[in-house]
Amino acid sequence: MGDHKPQQIGTASVLNISLVVDSSLAKEFYVLLQTGFTVKCLVGVSIENLFYHQLKLNPQLVEEKIRTIFLSGKPVDDIATATVQNGSILALSGAMPGLVGATLRRKSPLASFRQSISTQQTSKNFKKTKGYIQIKLFNILLKELGLFFLEMGIYVPRAMFASIVAQLTGDFYNRCRQILINGKPIQLKSSIEWFPFLTNHDFVYLKVLTE
Amino acid sequence: MDKILRIDVGVEGGPKATTVPIGEYAGLGGRALTSAIVSKEVPAASHPLGEENKLVIAPGLLSGSMSAMSGRISVGAKSPLTGGIKEANSGGQPSQVLARLGYAAIVLEGKPKGDELYKIFINKDGVKISIDNTLKMLGNYDVVEKMKKEFGEKIACISIGPAGEMKLAASSVAFTDMELRPTRHAGRGGMGAVMGSKGVKVVVLDDTGMSMRQPKDADKFKEVNKKWIAGLQAHGVTGQGLPAYGTNVLTNIINEAGGYPTYNFKEGRFAGAAKISGEVQAETETKRGGLATHGCHSGCVIRCSGIYNDKDGHYLTKQPEYETVWAHGGNCGIDDLDTIAMLDFLDDNYGLDTIDMGAAIGVAMEAGLLKFGDGQGAINLIKEVGKGTPLGRIIGSGAAVTGKVFGVERVPVVKGQAMPAYDPRAVQGIGVTYATSPMGADHTSGYAVTSNILGVGGKVDPLKPEGQVALSRALQIATAFIDSLGMCIFTAFALMDQPETNQALIDLVNSFYGWNWTADDTADFGKKVLKMERDFNIRAGFTKEQDRLPLFMKNQPLAPHNVTFQVTDEELDQVFNW
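Chains B and C are the protein sequences, given in the same order.
Heads up: the first sequence begins at 2 in this note's numbering, then just goes up one per residue.
Heads up: the second sequence begins at 57 in this note's numbering, then just goes up one per residue.
Hints listed in this document are in silico derivations from the structure and should not be mistaken for laboratory results.
A portion of the hints provided could be inaccurate.
[Unchecked claim] With a straight-line Cα cutoff of 30 Å, these simulated DSBU-like cross-link-like pairs (lysine-lysine) come out:
1. B:K208 / B:K6
2. C:K282 / B:K144
3. C:K343 / B:K28
4. C:K192 / C:K202
5. B:K144 / C:K184
6. B:K144 / C:K169
7. C:K343 / C:K331
8. B:K131 / B:K190
9. B:K190 / C:K367
10. C:K331 / B:K144
11. C:K600 / C:K610
12. C:K439 / C:K427
13. C:K322 / C:K192
14. C:K331 / B:K75
15. B:K28 / C:K331
16. B:K108 / C:K583
17. B:K41 / B:K185
18. C:K169 / C:K59
19. C:K587 / C:K610
20. B:K75 / B:K144
21. B:K6 / C:K331
22. B:K108 / B:K75
23. B:K190 / C:K343
24. C:K610 / B:K108
25. C:K331 / B:K41
26. C:K331 / B:K208
27. B:K108 / C:K343
28. C:K184 / C:K167
29. B:K190 / C:K322
30. C:K367 / B:K144
31. B:K75 / B:K41
32. C:K192 / C:K205
33. B:K6 / C:K439
34. C:K322 / C:K210
35. B:K75 / C:K180
36. C:K180 / C:K427
37. B:K208 / C:K343
38. C:K72 / C:K180
39. C:K610 / B:K75
40. C:K367 / B:K28
Next up, chain C with everything else stripped away, as it sits in the complex (with noise of 0.2 Å):
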């Protein structure tokens, strides 16, 4: 991984294809390298589906290695749904073969003179793009065939479907998984309309003749590979609950808490959950003889994904996750697991971003365009977006438009993106990093629990209010770190809890690259992210007003336990004074 593809789609006859050398970019991966790259190269005034935006991809730093869960890639570039830096991940088989063909990046740049489709293909011998106007507004799921039919089955996909290709903001990126599906997005943020600004529709990979990335130090890379896996399995959180339930075990007892957000956020509680919950959903699946229990990606021992069948035991979708459960599900007030499976198999063909999704069919319930619980009808709205109708333009651009154009006050997001699905009324402290992230509302952005988080961006109590703008900063920069690697957030509960799991991921990053990093490097590496992604927004023109949850978080109490958002904005504003 020491050179960067740059396409750049705007030369005369068609887009040209430049390796160049990693440079001043190494030591960077994933996050770290989508950040550096649009902070440093893209004008922050530029326009996202511009000639001046950058669309880049990048595997994490241990990607394509032996190292577990190591399978996360990054997509970055100036947002087209909140104005700012993006930096949305995935998961997938891509990352591992990418980072097999030696590329640290790629990096679509400029603006293309017709409007033609491209396909580039990658495999060890170059690079080799061509137009293909037979995948104009194909979905995913096609795309995928067409070029399985092309290429072979030994290859892996990055591609866009009809969202992305109208470049619609709350459009996502698709990644194949194991099975050669479309099911894995970097959904967030509109990514997928800057690919489709730069006429590319898929990107085909192929590492055959590739072999495993070598660490510096292989023996003791393989041992301490050994510790993470142990400590992975042996964590409740990853060696059990995400196994058996995946991550939609959470529908129940975020629900409990009183912070599920149902109706478009008026409520905390979902009367139907038990009935889309991951434990009703695990059933199912393996009734209908899906799976219950799957990886995304080669080398993930967590495998907290899964097999959806329909009721006639033919393919559906992948597990949908728990966000995209809550967002069709709770939020719209619908509490059948086959109308949101359907939406979730809609979304990943149309290549549209389910939170967002989610959020823009509450606020267009609440709007009475149509009934809370209308499972058809929310199918319907997401056909219509397949098809580029107005209506479907205007759901498809997400959940801040979709409220604009039809009049809602209620409309939860931040920096133009859609909340996710905990309430920060209930769960004050998920409402700082909501608030304060420059991603927008992004439940990923302050994920990473590390052991030695209390140390990290100083000293936390726990237990008093202060903490959690404290503990927020601590974990936003923890997660910059982890979504650089390339691994997966959830080993981020083993970090948490053992101690010797978390000293074994640094251990891995060191012995593979040969370093000697330390808890309080990675901070550091974690910090330099953040700051990046800041500076580039204050250029691009937020200011700390946009480090805001929207209104009614102050003002609507929350049932059940009849709570508002308390964090005050002066708190908001010490987030990122380090």
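Okay, chain B solo, but in the shape it has when bound (with noise of 0.2 Å):
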């Protein structure tokens, strides 16, 4: 389900959705997050360049927060020199536990452990261009990081905001501000009134705000 190719969204259909919530709703999306969601951003460049000049992250946090990273499955050590490409998905997530947790990490001074699927030095001649990236989070990024991409606005396929939106209850409706579609604010009350304004489209554009 989370396993869609983010270079398709130039040429999909997007529905636009806007949500203003109580910022205790925002985790209903967390699993949006988890298994994946795409941005547009420049493309060519280094994880460093996006996320210090992109997505302008705090750089203490990227520093002792986002200790593992993988780009299209490939652990990483250098951000420096790891190169998002279109279409590429970057996993984020804190240290993590277990001997092979501890091999995952950024400059492990176990990755030899894992050194035949490591992303290698990659070079520094990629054309810069706008492209679509999938990004993961995971465990304690989703705390530090969920709020500020889902105000920033996601892109999501379909079913996989389907799929969460079936789960939601009558206290989501009840505690949720505002709801706009294509810049509309519409009036749901239950999960079975998404669905028509779905249908037709691909992927959902989808910004959550909190009050």
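Please assemble the complex out of the two chains, which come individually in their own frames, going by the hints.
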């Protein structure tokens, strides 16, 4: 369900959904964040460029909290040399337990254990262009960056969004301040009412603002 | 902890308990003590379920003290699963209680004359052994309930379920947690079967009237214990990741790395991983009124366990750990946490190793006995084990036996023991430990990562391929030391990253015992333990041919990275050349 190709979004039909919710409700969407969502950004650049120049992440957070990074499934040691490309999948995690968890960390003293799958230093000659990458947030980074990305806006496949709204209870609608679909305020009281809007769209561009 | 309780179950008229001074085993605890006794006293050629084998239960060197995280307990014997020496360890309350009662170990020896089932009660006044055949074939939960009624609620229990009584090779020994539930297990290697072969169903411990073990240098001990706790709480893994999500926090990242064994080690990534992740598990537990952060024994400050309630908010099981969620989850193609939690409960109740059970069911699925993803079918199979049907006894004997019976080629075992939740084709270094550990495929054998690791077992360049062998050696050495202290291995991550926390651990041992150990001494200690274990296995007939991964690891590439295990046999043979 989360294994969509990010670059498909450029030609897909996208439904814009904005929600204003009580801050405690934002975590209802965290499954989307760990399964994988897509953002539009400059690609052909290093992860470091993405973090600091595009997403404007706090360097202390990057150094202290984002301790495990995968670029298209391969552990990353050096964010200055690993390059994101159109369609890349970037997974971000805190420092993990277990021997293998420790092995997968950035610049782990146990890096040789996973040498055969590590991201190798990539070329600096990639063309810089606008593109789409998929991001996954795991564990402590859901708390650290979840709201940041939900407020910024994320693309998710329609089926993935539908599976989340299918689980929302009446309490969610009671505490949801506003729902905008393609910029128009809509009153929804139950999950089933979403589906006519979702039909005929491939992706949802979701923004969740909290109060 | 200056005495050993020896119970000879083979004496005419019933088991006889004798308390003897610790003697030549002084200075040893936990794994070091179980391995020393087994190595010295058990003939290597003996039958694991026979008269000559001994079951040794030993708290760690620091158990029973004020030291945080010191509640692990080791269980050792010749293993019916691997045929070699075994140490399996567990959390829970009995380690602290047994240590406070003053026992460095309980040793069950001999062979019972009849088929009576015994319970053993130990308190400050001594040891009482009685026949209790009403316990026959009861699950661990029912056994503990009966013990509570008989002895009150200030007890800790060590018990076996029906699997141990049936002497199944994947049976565990259960230890009660802080809620007096039998949720913590010395799971690996069939230690439950050895306890069953001694005719002992349960050991009940009551430390009423006993006090904490006192250190030689109380002031220093208090001071370094504070540093120790502060170091654990300051670290990202032990202070945040583990308390918030438990060990199952690993599901997402091991899956992302393509090292998550899926469909009986056929693939390295599971499409349903996010549904059974630690993040979702913690959220589910909280929503249902369970607990996502909870200790498994008193003195635990990491609190990586939890309580998993069913959909109606009733207790179902403790928070299933990563290895359990993987074994019964992705390895079997099951992506439903409630099904996995039920399997965890059944394993605990029958007294089974969750890793070997998940691996055995995965092998059975590969054989076509049931389909991958069939959660109810998996539950039914474990229930067969509990009932003791012929099929259940096959599954309960572990993945290796199941593979032989059903004619499966891809059987993920080393020395007969199922591999845990990390595919060594993706993370090759752990394959070195799986292959060479005296224990069989065991993720905890080379686990303790200490800040002095690069200086232990030789100088290592971690970026060179040969580093994998040297690192595995160093990890196995460091782990043997940690396992002997009774320390939870999850402390290892703070030890790796924070030299001051590593030093605090050594200072804890020194101030408690009045020793002057250095980091090098701890390495020598770890080497001594490994040497005893390797020596036993060699005498039991093991050769370097047993220090190998199964062949499919070398010739079946693992998706998505399409990698095979590349460490050569010659390199593996260098692990214990120090």
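Now the hints, each set against the structure:
1. B:K208 / B:K6: 20 Å, holds
2. C:K282 / B:K144: Distance of about 29 Å is within 30 Å: holds.
3. C:K343 / B:K28: Status holds; Cα separation ~12 Å.
4. C:K192 / C:K202: Holds, at about 12 Å.
5. B:K144 / C:K184: 53 Å, violated
6. B:K144 / C:K169: Violated, at roughly 60 Å.
7. C:K343 / C:K331: 15 Å, holds
8. B:K131 / B:K190: 38 Å, violated
9. B:K190 / C:K367: Holds: B:K190 and C:K367 sit about 24 Å apart, inside 30 Å.
10. C:K331 / B:K144: Distance of about 18 Å is within 30 Å: holds.
11. C:K600 / C:K610: 17 Å, holds
12. C:K439 / C:K427: With a Cα-Cα distance of about 17 Å, the restraint between C:K439 and C:K427 holds, given a limit of 30 Å.
13. C:K322 / C:K192: Not OK: C:K322 and C:K192 at ~40 Å, beyond 30 Å, violated.
14. C:K331 / B:K75: 22 Å, holds
15. B:K28 / C:K331: 15 Å, holds
16. B:K108 / C:K583: 28 Å, holds
17. B:K41 / B:K185: 23 Å, holds
18. C:K169 / C:K59: 27 Å, holds
19. C:K587 / C:K610: Roughly 28 Å between the alpha carbons, so the hint for C:K587 and C:K610 holds.
20. B:K75 / B:K144: 24 Å, holds
21. B:K6 / C:K331: Measuring from Cα to Cα gives roughly 20 Å; hence the hint holds.
22. B:K108 / B:K75: 13 Å, holds
23. B:K190 / C:K343: Judged against 30 Å, a Cα distance of about 22 Å means the pair holds.
24. C:K610 / B:K108: 27 Å, holds
25. C:K331 / B:K41: 26 Å, holds
26. C:K331 / B:K208: 23 Å, holds
27. B:K108 / C:K343: Roughly 37 Å between the alpha carbons, so the hint for B:K108 and C:K343 is violated.
28. C:K184 / C:K167: 19 Å, holds
29. B:K190 / C:K322: Distance of about 45 Å is beyond 30 Å: violated.
30. C:K367 / B:K144: 25 Å, holds
31. B:K75 / B:K41: At roughly 21 Å apart (the allowed maximum being 30 Å), B:K41 and B:K75 satisfy the hint.
32. C:K192 / C:K205: 17 Å, holds
33. B:K6 / C:K439: 42 Å, violated
34. C:K322 / C:K210: Violated - the C-alpha atoms of C:K210 and C:K322 are around 47 Å apart, more than 30 Å.
35. B:K75 / C:K180: 56 Å, violated
36. C:K180 / C:K427: 53 Å, violated
37. B:K208 / C:K343: 25 Å, holds
38. C:K72 / C:K180: Holds, because 18 Å separates the two Cα atoms, which is no more than 30 Å.
39. C:K610 / B:K75: 21 Å, holds
40. C:K367 / B:K28: Given pair C:K367, B:K28 holds - Cα atoms ~20 Å apart, limit 30 Å.
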